[in-house]
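**Student:** Full structure from sequences and hints, please.
If you read the sequences in order, they're chains C and E. When we follow numbering that gives the first Met the number 0, the leftmost residue of the first sequence carries the number 0, and every step to the right adds one. When we follow numbering that gives the first Met the number 0, the leftmost residue of the second sequence carries the number 0, and every step to the right adds one.
Worth flagging that the hints you see were computed from the coordinates, not collected in a lab. Bear in mind that the values here come from a model prediction, so they are computed numbers and not experimental data. Cβ atoms here follow ideal geometry from the backbone N, Cα and C, with glycine treated the same way. Take every hint as true, because none was put in to throw you off.
Listed next, with one range per pair, are the computed distances between beta-carbon atoms: (1) E:D10 with C:T6: 18 to 28 Å; (2) E:R185 with C:D123: 17 to 27 Å; (3) E:T12 with C:G68: 20 to 30 Å; (4) E:R61 with C:T13: 30 to 40 Å; (5) C:D28 with E:K245: 56 to 66 Å; (6) C:D123 with E:T63: 27 to 37 Å; (7) E:G22 with C:C98: 46 to 56 Å; (8) E:T288 with C:Q97: 45 to 55 Å; (9) C:D149 with E:T258: 44 to 54 Å.
Using 20 Å as the maximum straight-line C-alpha spacing, the simulated SDA-like pairs for lysine to any residue come out as follows: (10) E:K41 with C:P18; (11) E:K88 with E:I60; (12) E:K26 with C:N17; (13) E:K81 with C:N118; (14) E:K26 with E:E40; (15) C:K69 with C:T13.
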Amino acid sequence: MENLSLTVNGEHITAEINPGTTLQKFLYDNLGLTGTKEGCGEGLCGCCTVRVDGKAVKSCIILALQARGKNVQTIEGLAEGEKLDLIQEAFLDNGAFQCGYCTPGMIMAGKAHLDENPNPSEKDVRHALSGNLCRCTGYHKIVKAILSVDQKKVMDFKK
Amino acid sequence: MDNFKYFPAKDVTEACALLARYGEEAKALSGGQSLVSMMKEKFISPSYIIDIKGISDLDYIRYTKDDGLRIGGLTTHRSVEKSDIIREKFFMLAEMEYTLASVAVRNWGTVGGNLCSADPASDLAPTLIALGAEVTLTGVDTERVVRLEEFFVDSFETILNEDEILTEIHVPNAIMSGGIHTKFARRATDLAVVSVATYLTLDVSNHDLCKDIRIVMGSVDPIPSRSKRAEELIKGQKINDVLIEKAAQIASEDIQPTTDLNGTEEFKRDIARVLVQRTIKEAAVRARTL
Numbered sequence: 000m001e002n003l004s005l006t007v008n009g010e011h012i013t014a015e016i017n018p019g020t021t022l023q024k025f026l027y028d029n030l031g032l033t034g035t036k037e038g039c040g041e042g043l044c045g046c047c048t049v050r051v052d053g054k055a056v057k058s059c060i061i062l063a064l065q066a067r068g069k070n071v072q073t074i075e076g077l078a079e080g081e082k083l084d085l086i087q088e089a090f091l092d093n094g095a096f097q098c099g100y101c102t103p104g105m106i107m108a109g110k111a112h113l114d115e116n117p118n119p120s121e122k123d124v125r126h127a128l129s130g131n132l133c134r135c136t137g138y139h140k141i142v143k144a145i146l147s148v149d150q151k152k153v154m155d156f157k158k
Numbered sequence: 000m001d002n003f004k005y006f007p008a009k010d011v012t013e014a015c016a017l018l019a020r021y022g023e024e025a026k027a028l029s030g031g032q033s034l035v036s037m038m039k040e041k042f043i044s045p046s047y048i049i050d051i052k053g054i055s056d057l058d059y060i061r062y063t064k065d066d067g068l069r070i071g072g073l074t075t076h077r078s079v080e081k082s083d084i085i086r087e088k089f090f091m092l093a094e095m096e097y098t099l100a101s102v103a104v105r106n107w108g109t110v111g112g113n114l115c116s117a118d119p120a121s122d123l124a125p126t127l128i129a130l131g132a133e134v135t136l137t138g139v140d141t142e143r144v145v146r147l148e149e150f151f152v153d154s155f156e157t158i159l160n161e162d163e164i165l166t167e168i169h170v171p172n173a174i175m176s177g178g179i180h181t182k183f184a185r186r187a188t189d190l191a192v193v194s195v196a197t198y199l200t201l202d203v204s205n206h207d208l209c210k211d212i213r214i215v216m217g218s219v220d221p222i223p224s225r226s227k228r229a230e231e232l233i234k235g236q237k238i239n240d241v242l243i244e245k246a247a248q249i250a251s252e253d254i255q256p257t258t259d260l261n262g263t264e265e266f267k268r269d270i271a272r273v274l275v276q277r278t279i280k281e282a283a284v285r286a287r288t289l
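**Tutor:** Shown next as structure tokens:
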């Protein structure tokens, strides 16, 4: 067993874990944050996408111990109470999900991209989300939702 | 994953000492974008994991006009992709990184880890070999610099000794040079079915003449392979379409791709031929304009 100390969705967490625990398993099993799912288990499908220090990562192929001392954000950490993040509103407004399984990963990847590239082109968004697979929607509304996030509103929202 | 003992190393010295102590039962972990996936599938089950990702000294990109480019082994793919100096001086490297896996993998995976994993389908290896790269391998009491094309032994096997870490990649500077990496894959983020990296240097006094060329193919052999026969055909010659076609045909004969779900051997040879043709043409254009 190894000690792990990190921040998850703004909350400082300490735990003792088996070193073979991936970040995804830690979030899902140890912390009960079930939004971050293991789809393929190989880092290809993107269902496990979370943000570590703001950057999108594949949590199912990262050892949880490697996130020590870092800030991890999962889908559960986006909304502030009842107030949804603008990207979540955009997904709702655009009907950008069907079964919802890929959605947390899509939103985390989309948000990570928008933070780095506030006014992306469609090509930018599709490339940024190339590591996230969706079996239901055909991607169109997901891309549309991300493109529709008004960055001016994001700046106002942050103030 | 099978159980293992975990040691985070704070510097290279500690990492090499731990690797030496546990020998063949230990593996160095950097980004783990290859290793952790393999461990989950039990393709590999080390008893000891030496985590080197925290060694921040090995995360750097440096460039000087005389020496060229030096990249620390723990630099992420994403840093290479986004680096202004690499985009300016070695565009084919940043361009290739843009297509490598997906952004989340590039955010965590490292260039050193990619090379040491020695996946035959690596995009990075052919690109760096084409650029004439050499790598520094650091052990407990040793440090050696080897040409990257001599680093690979077989699929997933390198010349690394048990106590060694790949600490630096060096790409020498070159004038009148240009290159491109391209690949054929079935879907975005798939491993390449065939990949080709070509890097060409023009004669300074005669811009139509090829002074030097490296044509490196990936995914078609257990390790990245150069077609020396194709290169010899073009070296010292005036570059023209007929020559390029001949070289591409020869290159496609010098590889042994295996028939699998991605295509037959004949199909892969044909794809290689086309990609070699395209990359030589584009490399020549870039060598003239950069």
